[in-house]
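*Asks:* So the chains spell out like this:
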Amino acid sequence: MRKCLFFFLAGILLLTGCSSGGSSVSTGAETGAYIQDMGSDTIVNLALGWAERYQESHPEVRISVTGGGSGTGITALINKTIDIANASRQIKTEEMEAAKAAGLDPQEFVVARDAIAVIVNPENPVQQLSLEQLSLIYTGEITNWKEVGGEDRPIVKLSRESNSGTHVYFLEAVIRKGIKGDTTIFSADTLLLPSSEGIIAEVRDNPNAIGYDGLGYVTDEVKIVAVSGLMSPDQYVIPSIETVNNNTYPISRDLYMYTPGTPSGAVKDFLDWILSDEAQTIVKELGFVPILSQ
Amino acid sequence: MKKLWMNGDTIITGLIKISGYSSILFVTLILIFLLREGLPALVNIPLDSLFSTRWYPTEGYFGILPLISGTLLVTITATLVALPFGIGTAVYLSEVAPAWIKEILKPIIEILAGIPSVVLGFIGILVLVPFVRTTFNLPTGLSGFTGAIILGLIAIPTIVSIAEDALNNVPSSYRQASLALGATKWQTIWGVTLPAAKTGVLTAVMLGVGRALGETMAVMMVTGNAPVMPEGLNAIILPLRTMTATVASEMGEVAQGSTHYQALFFIGIFLFILSLIVNVAANWVSSRQLKRSERILS
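Protein chains in written order, with the numbering used here: chain U, 26 to 319; chain E, 695 to 992.
These are calculated hints, taken from the structure and not from any lab test.
We put the CB at the ideal spot given by N, CA and C, even for glycine.
Don't take each hint at face value.
[To be verified] Once the Cα atoms are required to be at most 20 Å apart in a straight line, the calculated DMTMM-like pairs of lysine to aspartate or glutamate come out as:
1) Lys205/U - Glu925/E
2) Lys117/U - Glu753/E
3) Lys202/U - Asp859/E
[As the list claims (entries may be wrong)] Distance ranges between label pairs, derived from CB positions:
4) Gly203/U - Asn977/E: 55 to 65 Å
5) Asp302/U - Ser716/E: 53 to 63 Å
6) Lys892/E - Thr168/U: 40 to 50 Å
7) Glu267/U - Leu741/E: 36 to 46 Å
8) Asp302/U - Leu729/E: 54 to 64 Å
9) Glu310/U - Leu709/E: 44 to 54 Å
10) Tyr59/U - Met945/E: 22 to 32 Å
Between the sequences and the hints, there should be enough to build the whole structure, so can you do that?
*Replies:* Here it is in structure tokens:
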């Protein structure tokens, strides 16, 4: 009897462990259109927010949203398993070629903007870093915080995995400082963490750590560092909606949705709605930067 | 009536036979698939590049050495962690513990085996990682050592249950003889029972190693995944990247048939070979010991 109870407990543990893993949502009416949306983990919360609000006013449409990374989403688009791919970077040339080879004609939509915040532990006295310094830190040239005005501590560099659009963007815009043809890469001892939460948790706990993440994911438990661009190295800027829209914050980017061809029907209606003021308010609520209405 | 029974018998025996052979079929098919997808990597990536020390496949660096060394380091350390705890628990359960404690402990260990590795990884991130960093004053707690502790926890139930069975199979006349000769309880365990159960205990350890070798999720969450080439013994307290974590985190993004895809399958072949070695070693150990004991008994 006692044994049975233990097995029962073990079963509950198993079940709770599994159910926390899924992130897809699908609600709505039984009939009508079904949109599958997959890709960037940066966009997943935003896309979920949009999907929930949109389904309230359009009960005939069902939208399922999944994360996995920009590369994962675009691969799924090429494999024709989804209707919309979310990406926090632009589609690569070889991905475009693969899509064309599969008979598709991917269309690009800029749906929001995002700032990449550079974050450190709140105990870390460093307030500001230049793009040049960030590049030197992540390539392993600068290894101690005292070299950038901090305490005598080793620097532990955190990054997302290479299937993350944020990783690719950071590589191009920060480490290579936007220079085309530059082949500098992350130093080998950069920690590649599988989730945004992992980066936030480590920066929160570890005074040696430096990390980067989309502004929408940064919590109060970590400190955002002001960053200066290459053009004006003395002007350090904290990321915000204003500094992204007036282009003073140097590490900001567009967020994209891709469709396999020119959208029609329910997908087109959904994308049109995303560019509306109502949808862009959600962008702001979730900590991203709304695209300016022309 | 009798004939019908005979038919039922042949059908059931046939079905059992099929399910028995099917595992051979599955292993063969998996191996063929792995080789077909992975071996082209040897053609498309120059050997000196494949066996170099930098892994950054999105930019064409395909050096798998840091991944191999990462897996070996974590697995060996995890074995060192799990070995004393696993065998100690097995000895306690089979030789020392009173029946009622055994009744409670065994199901608890079975629960430990049932906890999904994601959950262990999550606890690792929140509890173990900060603990390891502050206790050993490391730059970061996301290290091979943290991964080895979690892997040890995962391997312990396997080691305990198989080693305990092996100890239980030692005839009680051995223990009685030893105790009658005046040996203490500990002397009996160390000098008689454990050596008599050596075969089973070694098999238990090997299977525990195999379990640690293939574990993915928990390792991916706590080792930091930095593909660093170890430069000394201190490499275990630094971040590292295992083969399993690499395949798991990169397989989702690669285009089918690309060089990166082939490199990941090549890593798969390597893992397959490693676990094959561990299993063959376990088999070899048990069969060799069996022959010796047969000689003694005859």
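*Asks:* Compare the structure with each hint and give your call.
*Replies:* Verification of the hints:
| no. | hint | result |
| --- | --- | --- |
| 1 | Lys205/U - Glu925/E | violated, 34 Å |
| 2 | Lys117/U - Glu753/E | holds, 13 Å |
| 3 | Lys202/U - Asp859/E | violated, 61 Å |
| 4 | Gly203/U - Asn977/E: 55 to 65 Å | holds, 57 Å |
| 5 | Asp302/U - Ser716/E: 53 to 63 Å | holds, 60 Å |
| 6 | Lys892/E - Thr168/U: 40 to 50 Å | holds, 48 Å |
| 7 | Glu267/U - Leu741/E: 36 to 46 Å | violated, 54 Å |
| 8 | Asp302/U - Leu729/E: 54 to 64 Å | holds, 56 Å |
| 9 | Glu310/U - Leu709/E: 44 to 54 Å | violated, 59 Å |
| 10 | Tyr59/U - Met945/E: 22 to 32 Å | holds, 27 Å |
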